[in-house]
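Protein sequence lines, in the order shown, are assigned to chains R and E. Numbered continuously in our numbering, the first sequence closes out at residue 362. Numbered continuously in our numbering, the second sequence closes out at residue 326.
Since the hints were derived computationally from the structure, they do not count as laboratory data. Mixed in with the good hints there might be a few duds.
[As the list claims (entries may be wrong)] Sample of chain E residues at the chain R side, in silico, Cβ under 10 Å:
| id | residue |
| --- | --- |
| 1 | GLY59 |
| 2 | ALA204 |
| 3 | LEU207 |
| 4 | ARG232 |
| 5 | THR252 |
| 6 | GLU253 |
| 7 | SER269 |
| 8 | PRO276 |
| 9 | ILE286 |
Where a beta carbon is used, it is the ideal one built from N, C-alpha and C, also for glycine.
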Amino acid sequence: MHEKKQDVILRVKDLVVKFNLRGQVLTAIRGISMDLHKGESLAIVGESGSGKSVFCKTFMGLLDNNGWVDSGSIEYDGQDLAAFKKEKEWIHIRGKKIAMVFQDPMTSLNPLKSVGKQIQEAFTLHNKVSAAEAKQRTLELLADVGIPEPERRYKQYPHEFSGGMRQRVVIAIAMACVPEILICDEPTTALDVTIQAQILELLKALQRKYGLTIIYITHDLGVVANVADRIAVMYAGDIVEIGSCDEVFYDPKHPYTWALLSSLPQLGVKGEDLYSIQGTPPNLFHEIHGDAFAPRNPRALKVDFVARPPYFEVSPTHKARTWLLDPRSPNVEPPEHIKNIRSIRKMKKEDAVNEQITR
Amino acid sequence: MSKSLGEVLVSVRNMEVTFGSRRNKFVAVKGVSFDIYKGETFGLVGESGSGKTTIGRAIIRINPMSDGEVIYKGQRISGKISKELDKKVTQQIQMIFQDPMASLNERAKVDYIVSEGLINVRPDLTREQRAEMVSKALLEVGLLPEFASRFPHEFSGGQRQRIGIARSLIMEPEFIIADEPISALDVSIRAQVLNLLSRLQKERGLTYLFIAHDLSVMRFICDRIAVIHKGVIVELSETEKLFEHPLHPYTRALLSAIPLPDPDSEKRKILEIYDPTQHHYETDKPVWTEIEPGHFVMGNQEELERYRARLQA
Numbered sequence: 004m005h006e007k008k009q010d011v012i013l014r015v016k017d018l019v020v021k022f023n024l025r026g027q028v029l030t031a032i033r034g035i036s037m038d039l040h041k042g043e044s045l046a047i048v049g050e051s052g053s054g055k056s057v058f059c060k061t062f063m064g065l066l067d068n069n070g071w072v073d074s075g076s077i078e079y080d081g082q083d084l085a086a087f088k089k090e091k092e093w094i095h096i097r098g099k100k101i102a103m104v105f106q107d108p109m110t111s112l113n114p115l116k117s118v119g120k121q122i123q124e125a126f127t128l129h130n131k132v133s134a135a136e137a138k139q140r141t142l143e144l145l146a147d148v149g150i151p152e153p154e155r156r157y158k159q160y161p162h163e164f165s166g167g168m169r170q171r172v173v174i175a176i177a178m179a180c181v182p183e184i185l186i187c188d189e190p191t192t193a194l195d196v197t198i199q200a201q202i203l204e205l206l207k208a209l210q211r212k213y214g215l216t217i218i219y220i221t222h223d224l225g226v227v228a229n230v231a232d233r234i235a236v237m238y239a240g241d242i243v244e245i246g247s248c249d250e251v252f253y254d255p256k257h258p259y260t261w262a263l264l265s266s267l268p269q270l271g272v273k274g275e276d277l278y279s280i281q282g283t284p285p286n287l288f289h290e291i292h293g294d295a296f297a298p299r300n301p302r303a304l305k306v307d308f309v310a311r312p313p314y315f316e317v318s319p320t321h322k323a324r325t326w327l328l329d330p331r332s333p334n335v336e337p338p339e340h341i342k343n344i345r346s347i348r349k350m351k352k353e354d355a356v357n358e359q360i361t362r
Numbered sequence: 014m015s016k017s018l019g020e021v022l023v024s025v026r027n028m029e030v031t032f033g034s035r036r037n038k039f040v041a042v043k044g045v046s047f048d049i050y051k052g053e054t055f056g057l058v059g060e061s062g063s064g065k066t067t068i069g070r071a072i073i074r075i076n077p078m079s080d081g082e083v084i085y086k087g088q089r090i091s092g093k094i095s096k097e098l099d100k101k102v103t104q105q106i107q108m109i110f111q112d113p114m115a116s117l118n119e120r121a122k123v124d125y126i127v128s129e130g131l132i133n134v135r136p137d138l139t140r141e142q143r144a145e146m147v148s149k150a151l152l153e154v155g156l157l158p159e160f161a162s163r164f165p166h167e168f169s170g171g172q173r174q175r176i177g178i179a180r181s182l183i184m185e186p187e188f189i190i191a192d193e194p195i196s197a198l199d200v201s202i203r204a205q206v207l208n209l210l211s212r213l214q215k216e217r218g219l220t221y222l223f224i225a226h227d228l229s230v231m232r233f234i235c236d237r238i239a240v241i242h243k244g245v246i247v248e249l250s251e252t253e254k255l256f257e258h259p260l261h262p263y264t265r266a267l268l269s270a271i272p273l274p275d276p277d278s279e280k281r282k283i284l285e286i287y288d289p290t291q292h293h294y295e296t297d298k299p300v301w302t303e304i305e306p307g308h309f310v311m312g313n314q315e316e317l318e319r320y321r322a323r324l325q326a
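So that you can see chain R by itself, here it is in the shape it has in the complex:
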């Protein structure tokens, strides 16, 4: 738990990101403000297309050519990253201070280059060192990310590695310059459950060792529950709810968070339909009026279609963008099984514990 540390390492203010697609302008990020605390693990969850990847790519200047930061700022280390225009400016940040672990280790490694060379490449780009030194550092890195026999592995090519090992290599590349912020974009989606657990352990170990700040981008709420200190729920280019891990899981306030949690098979009753969110996410080519989730929310209020809700504070660390938290709004209770989440889970857990004891 890193709740005591409140040093802000990166501050996003009213960020708007737009894309030009076939002559039409799409607003991918609709005015996000957020603080990233030093040393924390922040998980950004949301459906694909909610803008979670785009949001984090702006921290590294990795937007596609047809995208741009329209307004807002990203303060980091006394600079405004959103104002960066040239590649030259980014070179001191990207890979060095802020690094990224990509989703699919099958596609994010170069199949024609040995693994050692690929890790070294990242290191020598930012540091003037001799070849021998660079190799030494690379071997250390390989050992750091838990790859046995680094000497032998150094010369091997990605196809000689299993999926989990490849992801370790990708992490080693990101860690090459010991960044301050590590962005993990779906780091375990392409991996097996057993391997997934190991990679998460590795990331947590690296975080402790180097005092990293990690942003996890994921849609797997199981992963989130495991690693996150804080959770930001994104929907249609906006953070609709943000709070500590416990607050978002056990006391969610936004109807979208309710829906997201309800659709988990772990909470489903066998033989019955799983809760599924009706409709589709809004078209970001059009301006969105009111609460973006309102059209899919069966119990939306009238005001949800008219005015965009501001953030309402639930606790100092927990806020949500929904009119339901306005004192004037009627009392809309979350769905029954959301209210029961804690007790259902408690029950299941006690069962499990009892079993463990009897064994």
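Knowing the structure of chain R, use the given hints to seat chain E on it.
Okay, now just chain E, sitting in the frame of chain R:
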């Protein structure tokens, strides 16, 4: 939960699949046997490289088997079979693939993608009849018939997976092999596709072989689950029994690794690591044993004793 286990639809007996030539042989599936009953959802779970997909592909005759046989409705469908039987199998057993981004032909319109199988198996149909069947299949999976004239890239992941499902439904199959049908999808879309699959099962009496690595989804959808490790099925049981009394150490490791959307238990999670060297199979060979009704496990005599003791406790 125990549906009356009626008629056996598919029976896999002693399946072995090998890849590579004699010198460089790799046995992907070793002596796998199981029955799938009509109308049930049978789950096959294991990590990548365990051979679960290979089993599915061997049943549908994509991968040749080096030993054993597959019986479908009392007829052997592995090895050399007659042309008519081949046609029947092609029509009645269908597959849904994992990645809807990769499994649809990017250059073909939805219309063609969905009806391609029909063109081969039902040459007697006219173009109009086919078009009608396509729109019916699309409606059935919750897509609009006018989507038929679009290309795959115009669809989202969930919609693409629905196209994949429509493509197998149009053949009017009885048995569907779903190879990780939802692992590439978003949480909220997953629920939709799972609901669609179970609705289709109810309406059409389909039988599923559900291949996945995600046990939390398996628990929700499967009637029985087989756990496979390195080409060998180590445990097979009714779903709830498996979750209540996992016996084989590999099953236990797999269950302990499931990520739960619950911070409290996640942060106190104890990972069980499976170490294959813990078995002492040199003299005492493991046997496939029914340890309680409907619950099979692979183990040698000494291990079975322990498992029995655990069940009694």
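Under the constraints set out in the numbered hints, which ones does this structure not fulfil?
none
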